[in-house]
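Protein chains: 2
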Amino acid sequence: MTAVFEPFDVVDVRFPTSREHDGSDAMNPDPDYSAAYVVVRTSAGESGAGFVFTIGRGNEVAASAIRAVERLVVGLDVEETLADMGAFWRLIVHDSQLRWLGPEKGVVHMAIGAVVNAVWDLYAKREGKPLWQLLGELTPEQLVALIDFRHLSDALTPAEALEILTRGAAGKDARVAALLADGYPAYTTSAGWLGYSDAKVELLVKEALADGFTHLKLKVGADADDDERRLEMVRSLVGPDVLLSIDANQAWDVGEAIDTIGRLAPYGLYWVEEPTSPDDVAGHRAIAQAVAPVRVATGEHVANRVVFKQLLAAGAIDVCQIDACRVAGVNENVAILVLAAKYGVPVCPHAGGVGLCEVVQHLAMFDLVAVSGSTQNRWIEFVDHLHEHFVVPARVQGGRYLAPTLPGSGAELLPTTLIDYRYPDGVVWSDPQSTDPHPQGR
Amino acid sequence: MTAVFEPFDVVDVRFPTSREHDGSDAMNPDPDYSAAYVVVRTSAGESGAGFVFTIGRGNEVAASAIRAVERLVVGLDVEETLADMGAFWRLIVHDSQLRWLGPEKGVVHMAIGAVVNAVWDLYAKREGKPLWQLLGELTPEQLVALIDFRHLSDALTPAEALEILTRGAAGKDARVAALLADGYPAYTTSAGWLGYSDAKVELLVKEALADGFTHLKLKVGADADDDERRLEMVRSLVGPDVLLSIDANQAWDVGEAIDTIGRLAPYGLYWVEEPTSPDDVAGHRAIAQAVAPVRVATGEHVANRVVFKQLLAAGAIDVCQIDACRVAGVNENVAILVLAAKYGVPVCPHAGGVGLCEVVQHLAMFDLVAVSGSTQNRWIEFVDHLHEHFVVPARVQGGRYLAPTLPGSGAELLPTTLIDYRYPDGVVWSDPQSTDPHPQGR
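Sequence order for the protein chains is A and B.
Using the working numbering, the letters of the first sequence map in sequence onto residues 1 to 442.
Using the working numbering, the letters of the second sequence map in sequence onto residues 1 to 442.
Heads up, some of the hints might be wrong.
Per the computed footprint, the stretches of chain B lying under chain A, defined by three or more beta-carbons under 8 Å from a beta-carbon of chain A, are [as the list claims (entries may be wrong)]:
1. 20–31
2. 103–112
3. 144–153
4. 268–279
5. 302–316
Here chain B is said to cover these stretches of chain A; the calculated rule only asks that three of the stretch's residues, wherever they fall, bring their Cβ under 8 Å from a Cβ of chain B [said to hold, decoys possible]:
6. 62–70
7. 145–153
8. 277–288
Hints in this document: simulated from the structure, not taken from any laboratory.
Even glycine gets a Cβ: it sits at the ideal position worked out from N, Cα and C.
Bound-form chain A, shown alone (with noise of 0.2 Å):
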């Protein structure tokens, strides 16, 4: 009897990182770090698992959405559906009646994204690898079928596609061996929240400078004035060598970021990131030919890969940063690090939050190992927020993340933390007045 999937868990796991301004920005004050977290599971007792993140309310509609994904994946034969992941990540996203939900985009592309990359952690977990390695070992070929070329032919064919990946699989060997051994360089936010006093950026940014950070990231955009304030007393603590980016999360239109940004620049920035609306192609391309030589950066908002196509295509990036739980999964990420590598854009991802720094470590290494070919200018956001919670946690020493050596995902959660910090029902929110049993590792 072949193996079918089962039903899936799907649990509303919610953390209170609003009670400590953990992850304040311009455009999310309050942020409760959330996972919409599915595991799937198959009749030969094999499971995975993936999550959308979210920051707390709406988290429960991530759940329903997981739930109608289910209804498609049920029943399929396993050994089938992992022989053509492209086939079953066209079978779920170009479901007709989800599909009209977004198209592509929102809650249910986030769903989707959430069971695509359980299904490839229940993968990797069989094949006994971590995702990265068993990314890196698929020959071009099998790459360029993981891919759906619908509405990117214009920019990228199957054909250009197995060429960029030929030429990426060259000396792959020895860069397995390098990362094994030297990591993968990484940048950190963790100093840089806008909810957090002078005093505490200052210790942060003095922790960062000690653990190895070469390479650090600052929230902007709530205040122009309070933002070269800080700007200024984080580049007099780091001084001149330390990489500084700011991040506007989305807080400007498109001449108050050109402004600003101008303003901000002699204090010597890197990137920029998510400067306006995460659709407006067209201006992050006027934004980005005002402020050049900063770079300008995007990604963790970018709904598919079509906007990121468009990004690319136009030169309105310089910076791609792509995010594990944001596009429909490990299928749709392939096609957008191909389509980064195309056009000559350094991939840095998006992290931090809940198990992203956990998941798209993997997506990074692999682009290293059988896309791009090299981390020059390229660095893994690393936030130290909530990795405790994970089976295997990110790793990061001396400003670098060491590459996971364990099989699946990364995207797997304790048992108890699936238990304690459940919403609402979980000791953390159905007592208020409880301690965090479980609090953040930092």
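Position chain B against the provided structure of chain A, taking the given hints into account.
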């Protein structure tokens, strides 16, 4: 005591339209037209209706999203809300935690649209006016206050919007009188669904001509040979003077769109609708440049005003197809109408489905009365499905919408419909052998 908003009624209503292939197109072979329906209520006993339109699966996700929005609305002061609908819009659209789930796109944004529209329905009923008239009687200053200019100001400033609306108000009374006397032009899609046989199409085309329509639309995109055959048949039935448009429902890539439209153009095309992904501004522009003088139309799946801004500013569309229920309701559609006026692009609303004709006609009539001032090269889509379920059904005679004169937005469903079509426990769904208690009117 001032009145406040009370908890919503939310109903998952679905119609089994797939049983007759009504609404079938290249991307949507088997839609069950559905509404995640909301009634907002006040402590003073007033109410208003709105909905998210979906095509079946996932309607419950939209209902869940409406519940997430509900928590932001219950308890708000009704007078204060109606007195500043711009502030109300920003309050719920910019809630940071819900915004993360879009941002401003997909299920959450559509749910916000349902709630915004429901409050406008309540407002219009309180004033005893049809929505088009309520909006048409607002001053240019009041209309500008409805618009959120965030992420728009590079294309449209408040001062420009005021100028456009001040110009648009001139001669308003005469246009209201003409609208009440003559109605608003319609085009029909009823004849051209992909799933219909040639014999059925022929019958419906002849009916449409007899009913006074001079502009018909056919679905294309599944198979170019079949598209050409059907188009040739319909052109020979209608003669050279009736306008024919085609709708590919996003089926094509950019190059494929250009090739296929070129092949079909000799049969005389007024516009080609949704030739490719609604997110692809650059793709639409490339298609529009290649296929002119055939016009490119899109909008029913355009997520928000930022994407419309780009489509209009780039000259990527020749026809702007607003949808009453895709963006965040009346306020965002007012912004889009003003943008379209700025760039001189005619607005031809998307309708059909369930209730879209009922609601969107108010926006087109408001555009005529107070924004563009014209019906030239403008038609509202009409599909003769499911109108009998509405308290104030859309009325089309002689190929023209008659202006509604009863109070409200048109969104209110009949009480019996809410019982019989409720999913999954209404009789239509709980007893699959049941005869549809309210078969379609036609």
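Comparing the hints with the structure gives:
no. : hint    : in the structure
1   : 20–31   : holds (count 5)
2   : 103–112 : holds (count 8)
3   : 144–153 : holds (count 5)
4   : 268–279 : holds (count 4)
5   : 302–316 : holds (count 8)
6   : 62–70   : holds (count 4)
7   : 145–153 : holds (count 5)
8   : 277–288 : holds (count 8)
Comparing the model with each numbered hint stated earlier shows that all of them hold.
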